[in-house]
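For the sequence shown, our numbering begins at 1325 and goes up steadily by one.
No lab work stands behind these hints: they were computed from the structure. Watch out, some of these pointers could steer you wrong.
To be verified - Here are the simulated lysine-lysine pairs, DSS-like style, with alpha carbons at most 30 angstroms apart:
1) Lys1608 to Lys1748
2) Lys1326 to Lys1442
3) Lys1421 to Lys1438
4) Lys1414 to Lys1333
5) Lys1438 to Lys1450
6) Lys1789 to Lys1326
7) Lys1608 to Lys1618
8) Lys1599 to Lys1735
9) Lys1486 to Lys1471
10) Lys1682 to Lys1651
11) Lys1722 to Lys1743
12) Lys1789 to Lys1618
13) Lys1450 to Lys1486
14) Lys1823 to Lys1789
15) Lys1722 to Lys1682
16) Lys1742 to Lys1722
17) Lys1414 to Lys1450
18) Lys1833 to Lys1327
19) Lys1618 to Lys1658
20) Lys1479 to Lys1326
21) Lys1838 to Lys1333
22) Lys1807 to Lys1823
23) Lys1806 to Lys1789
24) Lys1829 to Lys1326
25) Lys1479 to Lys1414
26) Lys1658 to Lys1806
27) Lys1651 to Lys1722
28) Lys1333 to Lys1829
Because the structure is a prediction, the values reported are computed rather than measured.
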Amino acid sequence: MKKVVALCKSRGLVFQSSEIYGGLKSAYDYGPLGADLKRNLMGEWWRDMVTSRENVVGLDASIIMHPDVWRASGHAAGFSDPLVDCLVSKERFRADKAPTVEPGAELPITCPDKGVAKDWAELIEKRFGVTLDRDANVLHGMRCIDKRTVGFFTKGSTAATKSFPFRGYVSPTFGSCFLSDERQFNLMFRTALGAVDPMQDVAQVMAELTSAVDLIVAVRSRFAAEATNAEHVIARALKDGDRAKVIRAVIETITGPTMAYLRPETAQAMFVQFKNVLDATGIKPPFGIAQMGKSFRNEVTVEHFIFRSCEFEQMEMEFFCEPGSQKEWMTYWKEQRMAWWQRYANYPEAFRFRQHAKDEMAFYADDCYDVEYLYPWGWGELEGIASRTDYDLGQHEKHSGAKLRYTDQEKPDPVTGKKPWQYKPYVIEPAAGATRAVLAFLLDAYHEEERRTADGTVEIRTVLKLHPRLAPIKCAVLPLVKKDGMPEQARAIIQAMLKAGIAAKYDEKHAIGKRYARHDEIGTPFCVTVDGQTLQDGTVTLRDRDTTEQVRIPAADAVEQVRLRLMG
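Given these sequences and hints, build the entire structure.
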């Protein structure tokens, strides 16, 4: 993994965002080669899912949608996680994903190094009044007494000298039991529409505040339209004696009219635009609406390079079908999607299906599978394929008042036996992560091979065996030397390739061996070399990245030969 990350930076695939300012956690920029790799991958998905199918159409929806979309979908109310902070390391993590502990278990805290262990031991002693034993970078002395209590035990003691409340789990990275209370964190990014900053009004109201009750007066005088609901919320909070809730209610009231969200998924736009697509295209079920684009989630844990980040790209399709046919279509799309992933892989066996257990699925889903890839840290999700029933269309129909149904004039209603049959389609949703896919195919492609040089020494050849259709550069054209008319011949071939739509690059820097190595490392599948023989008989060498084999072909055939190999 470390070698792939290093290669990404050195060869212009992926950079840390804002690096000259110290970087921004979980934010990455795709460099010249990375941008092309991601674009090629997403283009292959679009070609397979949309342009090669008669019954799937595309959509490119706005990132910012009406807030009611997210209220209807359940994201506004339920798209949150219970989060906990470690009071020692400051690690923040999801409570529902933390490692659980059985009564009687030792609770060692594993620190990053000895120096940190010393600092954390001093902090724990000062804040919690216990002196833990230090063994290199590990702190000992805490033990789980029962599911709700942990205790400090001196060495050799069977009785706790001090006990603390316990939640049944420890921090995932360091194993600390010194934790904060659980708090709900919204995973959606908020923003505000309009040129006026609503926080200016919040500041003004808070500046005039002399008592909690005065908030009602301030809201009533400034925001009459929203005052009724605000007064109800504020009054209830006042009754509970919770000043923080009072202030939050006021802030929500003031910012509510301009509040919007960056979408956490691309799916909802396809449900919202269902009727427009139906009316505009004349398409009928079974059919799909697909789109690709950026989504944003305030992820608690960002990890494994670009695998999990706050800004990412998705490739999703909502496939609308008759109620009762969803199992058949689920099987179909499972087969289609797995075939797509394996088509571009060197190691197809590194992809698998994992079916969700009943308690994993959303309450409205009747089946769900993940396509997983075997990453260096274990199996990780690449794509979810869910049978979502008619829940989403039903929710948007309920909240918007619009009829999101299809009327089949030819078929009788299964209940009444009369034509037409009007129904809310069921939905199969293949939803893939483009950024995760980039990482998976980079890991799949990265190879280190031993080879013996002319003088007998062994060296390591690094090669990125990307599928030719994914490779950022399809062909490099190399003059053997920068004289004798070779550069001119090479540039003529480059122009012919570019004209034919082949992403080709002219390269004359360094010795020919180093150029081959450089293009092996960035995944260029083919190299065309112009040499002395080219000037004599009009032939060039065509080199294959994976085998390193070279064949001589007429220079006039170079474009067609590369094109045929790319198609294959």
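Hints and how they fare:
Our distance criterion of 30 angstroms between C-alpha atoms is met by Lys1608 and Lys1748, whose separation comes to about 12 angstroms. Simply put, Lys1326 and Lys1442 have alpha-carbon atoms about 29 angstroms apart, close enough for the 30 angstroms limit, and the pair holds. A C-alpha spacing of about 28 angstroms is found between Lys1421 and Lys1438, which places the hinted pair at or below 30 angstroms, so the restraint holds. Restraint check for Lys1414 and Lys1333: the C-alpha separation of about 29 angstroms stays at or below 30 angstroms, so the hint holds.
Restraint check for Lys1438 and Lys1450: the C-alpha separation of about 19 angstroms stays at or below 30 angstroms, so the hint holds. Of the pairs offered as hints, the one joining Lys1789 and Lys1326 holds, with about 18 angstroms between alpha carbons and a cut-off of 30 angstroms not exceeded. A C-alpha spacing of about 28 angstroms is found between Lys1608 and Lys1618, which places the hinted pair at or below 30 angstroms, so the restraint holds. Taken as a hint, the Lys1599 and Lys1735 pair is honoured in the structure, with Cα atoms around 20 angstroms apart against an allowance of 30 angstroms.
For the hint linking Lys1486 to Lys1471, the alpha-carbon distance of about 16 angstroms falls within 30 angstroms, and the restraint holds. Between Lys1682 and Lys1651, the direct Cα distance comes to roughly 16 angstroms. Compliance with the 30 angstroms bound is thereby established for this hinted pair. For the hint linking Lys1722 to Lys1743, the alpha-carbon distance of about 25 angstroms falls within 30 angstroms, and the restraint holds. Taking the CA atoms of Lys1789 and Lys1618, the gap is about 27 angstroms. The hint holds against a cut of 30 angstroms.
Of the pairs offered as hints, the one joining Lys1450 and Lys1486 holds, with about 14 angstroms between alpha carbons and a cut-off of 30 angstroms not exceeded. A hinted pair counts as satisfied when its Cα atoms are at most 30 angstroms apart, and Lys1823 with Lys1789 qualifies at roughly 26 angstroms. A hinted pair counts as satisfied when its Cα atoms are at most 30 angstroms apart, and Lys1722 with Lys1682 qualifies at roughly 26 angstroms. For the proposed pair Lys1742 and Lys1722, the alpha carbon gap of about 25 angstroms is at most 30 angstroms, so the pair holds.
Pair hint Lys1414 plus Lys1450 holds up; C-alpha atoms about 16 angstroms apart against a cutoff of 30 angstroms. Of the supplied pair hints, the one linking Lys1833 and Lys1327 holds, its CA atoms being roughly 25 angstroms apart against a limit of 30 angstroms. This hinted pair checks out: Lys1618 and Lys1658 have alpha carbons roughly 24 angstroms apart, not beyond 30 angstroms. Distance check on the hinted pair: Lys1479 and Lys1326 sit about 40 angstroms apart at the alpha-carbon level, beyond 30 angstroms; violated.
A C-alpha spacing of about 19 angstroms is found between Lys1838 and Lys1333, which places the hinted pair at or below 30 angstroms, so the restraint holds. For the suggested pair Lys1807 and Lys1823, the alpha carbons sit about 25 angstroms apart, so the restraint of at most 30 angstroms is met. For the suggested pair Lys1806 and Lys1789, the alpha carbons sit about 29 angstroms apart, so the restraint of at most 30 angstroms is met. Taken as a hint, the Lys1829 and Lys1326 pair is honoured in the structure, with Cα atoms around 28 angstroms apart against an allowance of 30 angstroms.
A C-alpha spacing of about 27 angstroms is found between Lys1479 and Lys1414, which places the hinted pair at or below 30 angstroms, so the restraint holds. Taken as a hint, the Lys1658 and Lys1806 pair is broken in the structure, with Cα atoms around 52 angstroms apart against an allowance of 30 angstroms. Distance check on the hinted pair: Lys1651 and Lys1722 sit about 26 angstroms apart at the alpha-carbon level, within 30 angstroms; holds. Distance check on the hinted pair: Lys1333 and Lys1829 sit about 20 angstroms apart at the alpha-carbon level, within 30 angstroms; holds.
Going through the hint list in order, the structure does not satisfy hints 20, 26.
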